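> Given the structure of chain S, go ahead and fit chain U onto it with the hints provided.
There are 2 protein chains.
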Amino acid sequence: MHSKDSIKKLVGSLCELPGIGEKTATRLALYIINCPQENARQLAQSIIEAREKVRLCRQCFNYTETDLCVICKDPHRDARILCVVETPADLMSIEKSNSFKGTYHVLHGAIAPLDGIGPDQLRIKELIQRINQGSVKEVILATNPTMNGNATAIYISDQVTSAEIRITRIAQGIPAGGDIGYVDQMTLKNALEGRRTMS
Amino acid sequence: MHSKDSIKKLVGSLCELPGIGEKTATRLALYIINCPQENARQLAQSIIEAREKVRLCRQCFNYTETDLCVICKDPHRDARILCVVETPADLMSIEKSNSFKGTYHVLHGAIAPLDGIGPDQLRIKELIQRINQGSVKEVILATNPTMNGNATAIYISDQVTSAEIRITRIAQGIPAGGDIGYVDQMTLKNALEGRRTMS
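Quick mapping for you: the protein sequence lines, in order, are chains S and U.
Throughout, my numbering is defined as the position within the first sequence, counted from one, plus 144.
Throughout, my numbering is defined as the position within the second sequence, counted from one, plus 144.
Here chain S stands alone, though its shape is the one from the complex:
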């Protein structure tokens, strides 16, 4: 590519995105150069807009453009059930599954001693405050079933002192469509331990 400056600059900028290598960046850049000018402008515009407008919900720390996010504002969501997730992306996944009608609390990470991330770097203090306000009846710990996610779940459950609040952990087991012959041992162990009576 020999209109060096602007194409190379665009490829460089695109390369900084996660999971975008030089080949993909080049493909995208060539597409952008060829697309209608209006589309390129709109893409640039939405990048700036999203980056500028989006902030964190005052209550659950999900992304929002207003003070409270739409889930916290929604009167049809059950504020007595709190689902604790690591990231807004996790929240999005659960929302897409359409299987949860409570509210959320986004930690923005998990406790990771090796990376120097302790409870204070996460929104755990705010979570405990929310729980202590008294209306919460159940806290579902939906951090990832990884070492860090599990540690975070254990840490939070230790912090909740009220015996009236039910603390649960999302189930671990074989994913839908999974193949028992191929599933790893830890998952199998969890799936067996978590077995439920068939009704």
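Note that these hints are calculated values from the structure, not bench results.
Predicted model only: the values in this text are computed from it and were never measured.
Each hint can be trusted.
Same chains, same label: a pair holds when it works inside one copy or across any pair of copies.
Simulated pairs of lysine to aspartate or glutamate, EDC-like, Cα-Cα distance not exceeding 20 Å:
| no. | residue 1 | residue 2 |
| --- | --- | --- |
| 1 | Lys152 | Glu239 |
| 2 | Lys152 | Asp218 |
| 3 | Lys152 | Asp234 |
| 4 | Lys167 | Asp149 |
| 5 | Lys217 | Glu239 |
| 6 | Lys245 | Glu282 |
| 7 | Lys281 | Glu270 |
| 8 | Lys197 | Asp149 |
Below, chain U without anything else, positioned relative to chain S:
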């Protein structure tokens, strides 16, 4: 994601890029929301700049920001050898291989009767004009070894009437690191037909 407007809009814009599905678009959007504002601005800026500044070289139809592209302007490139490619991306690949010191001509596509693309939709007329100006000694047809690319190569070679101009076609054969046991029959046939005496 529940700060509907701007994140959804960004995901939508990113989804229009080639090879970017909703999952990747969401991942990229979440990254953009989290990155330093300066980076987001720069990405948006380079999109607009690239789209606005880049145009086609007057001579070879490669991308450029000036009237002639850097290859056409370069006195060290051999203007007597013309390498004909389908797209600027193909040109980039050849440039990266560092194995060609002549100049290019970008057709911006290949003849594709089924898609209604004939010679007039490509930069073939301009290619023939360049050739007829008299300084070109060899035309390397580096269109893809596909039905359309081959048809385009044959069409162009038919158009060049001067017997003094050498018309060549890039070699077809087993790619470097390829496995003869896995290569398709057409490629093997081409590789055998194109065999060369070992020096």
